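Trainee: Sequence:
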Amino acid sequence: MVTGGSGRIGRLLARAWAAAPPPLDPLWQSRQQEAGALHWAPLEGPEGLLFALGDGPPAAMLVLSGVTPGGDTPLELNAALARACLDAARTVGIPRVLYASSQAVYGMPGDAPFSETDAPRPASAYGRAKLDAEAVCAAARSEGLEVCALRIGNVFGADALMRNAARLAPGGALEIDRFADGRGPLRSYIGPATLAHVLGALAADTDPLPPVLNVAAPGAVAMADLATAARLPWRWTPAPPTAVQSVLLDCRALARRVHVLPEEATAPGIAAQLARLPKPASRLS
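In terms of this note's numbering, the sequence shown opens at residue 20 and continues consecutively.
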């Protein structure tokens, strides 16, 4: 069962799973009456979910429901949405919940990629809101529900690079910071098809999941290489003093559970995944 499928990541997953179905059939939640979707509003309580399921609980719940920066909805709602989904999972008997958190909970990077054992020190309001939601997950886990908070890196197609590209005026170009070493930003990325594969595999994994898991393709991706591979117009701009060159995730724990092909961690491989996705189907909300 997938909640929050109307967001950018949810829409990408729907397209990726249409091309390569996951091990468990996805059941999409919607706040609206929509053909093929499960009608349920998490903040209205678990009773509606009990009524809507009828045939028994799904094997897992993927919680994409959340508030992202830039809108009018308060970020503090992330914790309330997490609590509502987890309460509903317990009520209806869903044994496993994957909660879509963010690498933003870690805060400012150090010299090494962030590991799951690093203490989160979020530097943004969004990171703090997601960490508050993770605390809700930890409390539910202490009460017996298997909850895994997924600290997801940049998802190509739902990331700032593609959002900014979509807003370009005709003839415009993206500006990518260039640092003193002549290179641009390095980030942990994952393609939409790889993310769909990873989430499907984790939902169906027969082994218990850890409390927290970093989610990205292994290694680092240069944003300039990704823009070039995706054929986006771009140009260098001097990096301001506040710019951060490298923000990376250590994803060895994920690699021990889900195999990712080497080409899925390259800029051309990641860009090609988005280009190959089927056309969007109906939107869920």
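There could be a bad hint or two in this list.
What the hints assert, rightly or not - Pair by pair, the computed Cβ-Cβ distance ranges are:
#, residue 1, residue 2, range
1, 223, 52, 26 to 32 Å
2, 140, 254, 29 to 35 Å
3, 299, 44, 16 to 22 Å
4, 60, 274, 35 to 41 Å
5, 199, 161, 30 to 36 Å
6, 158, 194, 17 to 23 Å
7, 42, 163, 38 to 44 Å
8, 202, 250, 17 to 23 Å
9, 274, 39, 16 to 22 Å
10, 265, 71, 54 to 60 Å
11, 42, 91, 35 to 41 Å
12, 295, 55, 35 to 41 Å
I should point out that these hints are in silico values taken from the structure, not numbers from a laboratory.
Keep in mind that this is a model prediction, so the values were computed, not measured.
Ideal placement from N, C-alpha and C gives every residue a C-beta, glycine not left out.
Trainee: Going back to the hint list, which numbers does this structure go against?
Mentor: Numbers 5, 6, 7, 10 and 12 - these are the hints that the structure violates, sorted from lowest upward.
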